[in-house]
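If you read the sequences in order, they're chains A and B. For the first sequence, position 189 matches number 188 in numbering that gives the first Met the number 0, and the numbering has no gaps at all. For the second sequence, position 264 matches number 263 in numbering that gives the first Met the number 0, and the numbering has no gaps at all.
Honestly, the hints are just simulated from the structure, not real lab data. Since no wrong hints were added, every one of them can be taken at face value.
Note that the list lumps identical chains together, so a pair holds whenever it fits in one copy or between two copies.
Cross-link-like lysine-lysine pairs, in silico, DSSO-like; alpha carbons within 27 Å at most:
id, residue 1, residue 2
1, Lys42, Lys193
2, Lys59, Lys96
3, Lys52, Lys96
4, Lys236, Lys247
5, Lys194, Lys42
6, Lys52, Lys256
7, Lys247, Lys42
Number of protein chains: 2
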Amino acid sequence: MRSAFYISDGTAITSEVFGHALLSLFPTEFEHHTISFIETTEKALAAKERINKATSRGGKPALVFHTFVNNENREIIESCDAVLYNFLEPFVAPLEKELAIKAKPTTHRTHSIHEKSYDYRIEAVNYALTNDDGSNVTNYEEADVILVGVSRSGKTPSSLYLALQYGIKAANYPFTDDDMEELKIPSFLKPFHKKLFGLTIDAQRLIDIRDGRMANSKYSSARQCRMEVREVEKLYKNEQIPFINTTKLSVEEITAKILTETGLQRYKY
Amino acid sequence: MRSAFYISDGTAITSEVFGHALLSLFPTEFEHHTISFIETTEKALAAKERINKATSRGGKPALVFHTFVNNENREIIESCDAVLYNFLEPFVAPLEKELAIKAKPTTHRTHSIHEKSYDYRIEAVNYALTNDDGSNVTNYEEADVILVGVSRSGKTPSSLYLALQYGIKAANYPFTDDDMEELKIPSFLKPFHKKLFGLTIDAQRLIDIRDGRMANSKYSSARQCRMEVREVEKLYKNEQIPFINTTKLSVEEITAKILTETGLQRYKY
Chain A
0 MRSAFYISDG TAITSEVFGH ALLSLFPTEF EHHTISFIET TEKALAAKER
50 INKATSRGGK PALVFHTFVN NENREIIESC DAVLYNFLEP FVAPLEKELA
100 IKAKPTTHRT HSIHEKSYDY RIEAVNYALT NDDGSNVTNY EEADVILVGV
150 SRSGKTPSSL YLALQYGIKA ANYPFTDDDM EELKIPSFLK PFHKKLFGLT
200 IDAQRLIDIR DGRMANSKYS SARQCRMEVR EVEKLYKNEQ IPFINTTKLS
250 VEEITAKILT ETGLQRYKY
Chain B
0 MRSAFYISDG TAITSEVFGH ALLSLFPTEF EHHTISFIET TEKALAAKER
50 INKATSRGGK PALVFHTFVN NENREIIESC DAVLYNFLEP FVAPLEKELA
100 IKAKPTTHRT HSIHEKSYDY RIEAVNYALT NDDGSNVTNY EEADVILVGV
150 SRSGKTPSSL YLALQYGIKA ANYPFTDDDM EELKIPSFLK PFHKKLFGLT
200 IDAQRLIDIR DGRMANSKYS SARQCRMEVR EVEKLYKNEQ IPFINTTKLS
250 VEEITAKILT ETGLQRYKY
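Next up, chain A with everything else stripped away, as it sits in the complex:
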């Protein structure tokens, strides 16, 4: 199998995203390796050794995705027995011309601390944790968005992702069996109607997920899951709460759709 390396003198997150996006266009398998924080000659030489070994082992040159712009370690990496792809390079000169500014390559800028957005994110994570799963219903004033939905429809991971990635304060509140007889927006959520965003999920997927947690229970029964999904969707429609179906969506897609539909501003860029 062909090896793919994502390498950088920083976190290598940019190289990973770049490499994955490109390789995902090709219907074949790769062996993935990330090497972060190549900041010294020693580390660059160690990386070179790993890459060269992968090439010998695989019989075909490893693919190396990197973002070194001007760096003495770049030469070491470029001397590897591998095919190199640097996604910044083709764009730097055209952008310099367009902006009429010279690029100033500084390592660690993309995924390092930018004071303001950092504090936002930590605060948002704390907010998501203390306002998870209806555990605190007195602090919705502070929320940017309040996710609602039945148990296991994706509320908690989505709230945390909104906080960690975007610094958005997302509370979440679950509709449970007790609410179902006459499902309505609870009184403490009413003043925040405009912040509500609904998640729903296909009943069959919900049955499967709940069955994995509590097999043969009322909670995971087909009858219960179908009823809960039907009731919340009715509520969303009657109360004009925007909602999405999370069945086929990743956390990244759920949160990107929430941002698109609500127009919420991300604090981190």
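Given chain A's structure and the hints, the job is docking chain B onto it.
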């Protein structure tokens, strides 16, 4: 100010990472906009209108970062009054040649659900939540890593990030004032010594953070913060627990360093 647009028929996360990495090389400010899920002609035309307005408003052509490969909406976007940057394009033909395979562009592949890694991540988030802050000390068998450190040194956001991004099960355990008189590894953590990873932080930064939460308390006093930091660092050294100082690091950098130092495998690629 020049406008920068990150657009895609998917989440636009790849466009954002690509655009930010490039623009971070230039010492100037931009107005950032993300437009996700451009899946229809209507949405492409609406995006075009927003982009053209930004160009008129700013007096200079907006910068548009996108990853459309083969797509009918691409033509609409390419007809905008803007400068376009497509980071996949320069690399597709060389990679096709190297791999001797034709690229098969499929939208939504990079940040959509890959069944296996999706379940890992949700499970890991649940694990991080139930094993946060020492709230459960009976389930460390299942942990991939156990973060330790004083209160407010970055354990919780790092655990959640490891779970959400990489599907890694990270528990975390806080050393508090009660532990300080004779700081040692608690008995329930001893069997998992090899999973321990320490976080530390500069005392002054710790004072500032704690002061923001509980001003004028023993918890946030200079004396207390200095003592706690000194004691945990002594423990890490005596017990040979690998550790990093999080003071100047973002969550992305902390977790990338943890992966590098522990050699932990990420479940998501």
